[in-house]
Amino acid sequence: MADRRHGIIAGAAALSMLATLLPQAGAAQPAVRGEVTIYRDAWGVPHIEGATSAAVMYGLGYSQAQDRLAQLELNRRNKKGMRAEILGPRFLQADKEARNEVLSDAELMRMYAALSAEHQGMLQGYVDGLNRAIDEVLADPEHKLPYEFKAWGVMPARWTLADYLSHIAAPHGNTYELQNLAFLNAMVERYGPTVGRQIFDDVVPISDPDTPLIIPPGEDLAPARPAPQGAPYPPAPHPPGPLATAMSALREAPKRAEPVMGASRCLVIGPQKSASGRPLLMEATSDGPESHLYGGGFDTVGFSHTGWGPPIMGRSLKHGWLMTSGHAETTDTYAEKLNPADKHQYWFKGEWRRMEVRTDIIKVKDADPVAYEVAWTVHGPVIKWDVENGVAYTQRNNERGYELDNWVGTVEMARAKNLREFQSKGVARVAWNLGVCYADEAGNIAFWEAGKLPKRPATADSRLPMPGTGEYEWEGFHSARETPRMINPRQGYIHTWNGKAAAWLPEGDDARIGKTYRTWLGDRLATAGRGLTLLDLREINRKIWNAEGARDRGQTSPDFFAPHLRAAVAKSADAEVKQALELMLAFNGMYEDLDADGTYDDPGGTLWRQWLLTAPEVIFSPQIGDWWRKVDEGRYHQYRTSLLLRAVQGQDAGLPLQHDYFQGRDRDAVIAQTIRATIDKLRPTYAGKPMTEWRAPVYWKYFDADRLDPARPSLPGETLFRRTASVLGLAPAMVRHHGGEGWAGMMELHPKDRAIFSVVEAGGQNLFIDPTGKGNPNLSDQLQMHVNNEFKRIDMSLDTIKRDAVSVTRLKF
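Quick note on the working numbering: the sequence shown kicks off at 1 and runs consecutively.
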């Protein structure tokens, strides 16, 4: 179908006809029938046994609604742009952004109808399980209504199939071309097109050759390609003219209502580095529920995001698999040329076309409803209007038309019987750009940069908006044979953390990375590792957490800077600068409080953290203001530390800076000045103390933003929130911050001991709090374990599960 291949929205007439052919989204679907048994272990994890895949999905929906119905409701509203209705005006902008991406029920049901009967039954089974649990709540709200619904002033609503499809079809990926364009325009306005472009290419490189790669050189099974190059600006090869002029008028990019979240990393240790000769796997990612599915092709235990359903990573009978969000260029912004007489018409391939337009009414708690216009072109939704200059900016996503394939692909990863099936039925099915890690009991380890990776015209610059007039359309997607992947690498391990798989992939829009990228510690520990065990993996996890790369992407090791800083400071006569430098360079990059005195052990870490903020201000601000920081705002990846390294390295950098940011100042003197400025900024905090005692207080993780304690600082820049259990006093309001992600899991692929070891930051599997404010035993039973880097065991032996079950629920449906 043309709209599936190219992301074109079907016309109203076509949708009307389609609606007569497909099951209605809100109507009752053919019921799945059977029975399912749910065994809960001591941690509250549901082990779900059923004869069919639909049965286990029914039990999964039922158990997840029992555990996290309030979170499910928030996620449903988040994806559909309905949070302001229960949370008030502060979520209005986020709702507008979500409405831009919501697919129609008819579109979702069309994709559903294209799936196999079994996959349809699994999806419907999950929804039916959710609704059974919701019906029980509605029948006994006095005891079963989650506490949050009282605060919101609503009752739980049953889920339609379209609700669930909308949830799992939400697009992934982010685009920053408008942010980049605003920066470029600011530099061109200040310095002219030649110098302005040099500065832009320095700060927003399309590819930094020093960026560490997931796949080592020579190991990629995909064909080799040259690294991408930037295109000149103004948009030639984008033709100069009214559109280019209008694009140059952009001064401010739209601000996201909420920060971009991410975290996932995986480490796979091959047999040659393992003490047992069996592969080891470790993952850390965001919070979510766990489950064990047994039956219907599943024997799978693992982690999932709330509302997704089945595990998206974990351990199956013969293999384990992990995944991280990929950061290849899969989303583009197009600048649509508007008709001066009608803003809803845009020029595409030689003619004016009309946008698909609808007006949504967004309900807002304690405020009047708000009308919001959603408009789509052939490329996707309008994300910013600039009618005065005749432009609308739209966003094209690689998953458009393939959204449900992501769900099917992850299900088949779980059910795969071997590496070939995992790749052909699982990895090859997903459109979502993922870094997928794999290992099996046969001893294989593998990695894929999965998803539909667009082929762009050779003249396109993926960092900037492309004209939407038809000359810069995608030329299809790279085939499975063409996408980066490796099997059994010689280095004996795989380590990925939302990084760059291969040198030919551009990184200039979202994933600007560079040499100092946060994988530095994991790579060093894995390279040096020999005879590793699960206990060793736990210690590796602790160290990576303490390096804070999950929470502060500007952190790195001082080792990268050491030779250049030493050479510069050697000429300085300032003894304090020399002392501060030696303290910084002695810092191992990990923020540790091993003596538990409430302060980080190494004063060098105090100086280092401050220097990473002060040095770019001293070096770059005189030339580009605060754009060295501002251009990173809202991005998950932060490039400023690698940019700083390139400035310090000078011509020794893999990608030397083109512009002279020192402007005749002696480079070594300026570098020494950055350290002096760092000392001066910190001294008032540690007045009267020698530098060797400048130990910073330990950061704290807050679960109740209203109870901040000045003596227990939060990590700078971290988003604070209010967790219901903490607000009600059922869980701690704060814990020591170790810098880590929400969920962590480990496994050893031994056929005689099939299990996974994991821990959940939210505190537990079951977040249910009853209407009176009373919690449950699994609400916070893992929180302190998470703080201490301790793991629980989830067994896969059905006999053991049945023997040790805390509760058993049998459902017929």
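These are computed hints drawn from the structure, not numbers from a lab. The beta-carbon is built from N, C-alpha and C at its ideal position, and this holds for glycine as well. Don't take each hint at face value.
With beta-carbon atoms standing in for the labels, derived distance ranges [stated by the list, open to error]:
#1 371 - 666: 57 to 63 Å
#2 753 - 527: 25 to 31 Å
#3 663 - 370: 47 to 53 Å
#4 622 - 716: 21 to 27 Å
Here is what the structure says about each hint:
1. 371 - 666: 57 to 63 Å: holds, 60 Å
2. 753 - 527: 25 to 31 Å: Cβ of residue 753 to Cβ of residue 527: about 27 Å, so the range 25 to 31 Å holds.
3. 663 - 370: 47 to 53 Å: Taking Cβ atoms as reference, residue 663 and residue 370 lie about 49 Å apart, which means the hint holds.
4. 622 - 716: 21 to 27 Å: holds, 24 Å
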